Amino acid sequence: MVLITLVSSDEQNFPVERELLKQSGTIETLIVNMNLDDEDTDAAAMPIPLPNVKGDVLEKVIQWMEHHKGDPVKEGDNEDNNAEIVVPQWDDDFFKPAMYGSKHLELTVAASYLDIKNLLTLSCKAISNTFKGKTGPQIREEWGVPNEFTPEEEEAIRKENEWSE
Amino acid sequence: MCMIFCPRNKFTFCPCKKFSSSLFECTTYASLHSTSARISGILSYCIVISSYKYNIMDIFALPEIFLKKIMRTLSMQDRASIRLVCRAFYKLVAGTHAGYIARGHISVEGFGRYLYANIGDLTFKPESFQGEFSECLILRSRLFNGIYFGTFTITERKLHFCISIDLFFKLLAAHKNLELTNVDMTSNDLKKALQLISAENTEKSVCLFDTVTQITNLIKSCGIKETLDDGDACDEFMVVQGPRRSVILGNYEDRSMRLRYCNCWIHIDNCKWEGGDEWSTMRFGNGEEWKQFPIRIG
Chain A
1 MVLITLVSSD
11 EQNFPVEREL
21 LKQSGTIETL
31 IVNMNLDDED
41 TDAAAMPIPL
51 PNVKGDVLEK
61 VIQWMEHHKG
71 DPVKEGDNED
81 NNAEIVVPQW
91 DDDFFKPAMY
101 GSKHLELTVA
111 ASYLDIKNLL
121 TLSCKAISNT
131 FKGKTGPQIR
141 EEWGVPNEFT
151 PEEEEAIRKE
161 NEWSE
Chain B
1 MCMIFCPRNK
11 FTFCPCKKFS
21 SSLFECTTYA
31 SLHSTSARIS
41 GILSYCIVIS
51 SYKYNIMDIF
61 ALPEIFLKKI
71 MRTLSMQDRA
81 SIRLVCRAFY
91 KLVAGTHAGY
101 IARGHISVEG
111 FGRYLYANIG
121 DLTFKPESFQ
131 GEFSECLILR
141 SRLFNGIYFG
151 TFTITERKLH
161 FCISIDLFFK
171 LLAAHKNLEL
181 TNVDMTSNDL
191 KKALQLISAE
201 NTEKSVCLFD
211 TVTQITNLIK
221 SCGIKETLDD
231 GDACDEFMVV
241 QGPRRSVILG
251 NYEDRSMRLR
261 YCNCWIHIDN
271 CKWEGGDEWS
281 TMRFGNGEEW
291 KQFPIRIG
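Each protein sequence line maps, in turn, to chains A and B. full-length UniProt numbering numbers the first residue of the first sequence as 1 and each following residue consecutively. full-length UniProt numbering numbers the first residue of the second sequence as 1 and each following residue consecutively.
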């Protein structure tokens, strides 16, 4: 089993199975460019620095990739109908503990930086699921957003929303 | 201890529902009820909640590209609801290309008095518009300015209401596939629309529903006549296949007609030269629509 070492921004080393890294477009490109797949290259001696990802976030990303090992890698960015995307139970449980915390934000940004499309899509969907079926004030309370609207503005938006069913 | 800090808004608040909004409210409540035995229980609850939500994510710290991605995963109903969260969401829903919706539909019913509108899963109540078509479009614009429709349809079966040519060209510029009833269109307008669609790099199509008389008069005004044969040209139009008569009986076996203009195909399903009050459909576009209308043999 070939291991590739990823180095986080806080200099933590993570030896990761080569196969898992196919899910990350960014790392896959680096592996190709650094010839790490060549038999003559000593992959273990050439760690890949990831200066934009902290160790604790990278650990979560690797955990996610391990679970999704062998999943088809999403190509392109066709998101026309992704209101119907369902977050699988495992992923829901994976995201839930950090959902309202800054760690989830960092995970989402890391997924984008590492070009892990499935993780990014599911992460965004997990956030949007927290809005599902809720009212504005409920979302404000959950996400710690103050009410910026005047009562008149709020009433006007409410009236517009009442027009739809 | 029961407060948490919101990094975006630089204020502290209590997350528990008893003290719903601000530090001021929370401390005021606490000072007024300090002798109450209940307060300690509430504060304990707050501590648990605040530890859960401590270091709360500032969702607006996410770059806009992520926020748009999040929007795309929301249903239209939920997008409407989150407008009430804050101005940033209000603007995000209205002013960004928040996502693709397969169908948008407006229909005029009840002798032109009511407009029914659908945007994805969102249905607007008919009494809202009282026949004010522009009001409906303004609302759609304010709610979901950047939404991209697979097909946008306006239907009006009773012909109480006519889509102006200015509105037609606005809709044509904004949508990939249009389905419209009763458009007030001249031959020059049709040619202009065909030229615009021909010049498009992406696929675009229009479907016009109207009476046979209206559609036939429109193509007659472009110079297309009954006497033209397949392959004949008139101005920049070319007859690909005209309506077919039975050789023996002389009656029409097939009333459909195909034309070409620049890079556009044109298909009319019920081309009666003598006119008529029944419905006819005229489709035109620049894509691979020929596959849907295979050429007749014979």
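Take these hints with a grain of salt, some might be off.
[To be verified] Here are the computed lysine to any residue pairs in the SDA-like style, where the Cα-Cα straight-line distance is at most 25 Å:
hint, chain 1, residue 1, chain 2, residue 2
1, A, Lys159, B, Lys91
2, B, Lys68, A, Gln12
3, A, Lys96, B, Glu203
4, A, Lys103, B, Tyr116
5, A, Lys103, A, Leu20
6, A, Lys54, A, Gln12
7, A, Lys159, B, Tyr116
8, A, Lys74, B, Ile65
9, A, Lys134, B, Ser256
10, B, Lys68, A, Gln138
[Unchecked claim] Label pairs and their in silico Cβ distance ranges:
hint, chain 1, residue 1, chain 2, residue 2, range
11, B, Ser164, A, Glu148, 53 to 59 Å
12, A, Val32, B, Ala61, 30 to 36 Å
13, B, Asp254, A, Glu84, 17 to 23 Å
By construction, these hints were calculated from the structure, which means they are not laboratory data. Predicted, not measured: the structure shown is a model, and the values here were computed from it. Don't be surprised by glycine CBs; every beta carbon is placed ideally from N, CA and C.
Run the structure past the numbered hints and jot down the numbers of the failing ones, going up.
2, 3, 4, 9, 11, 13
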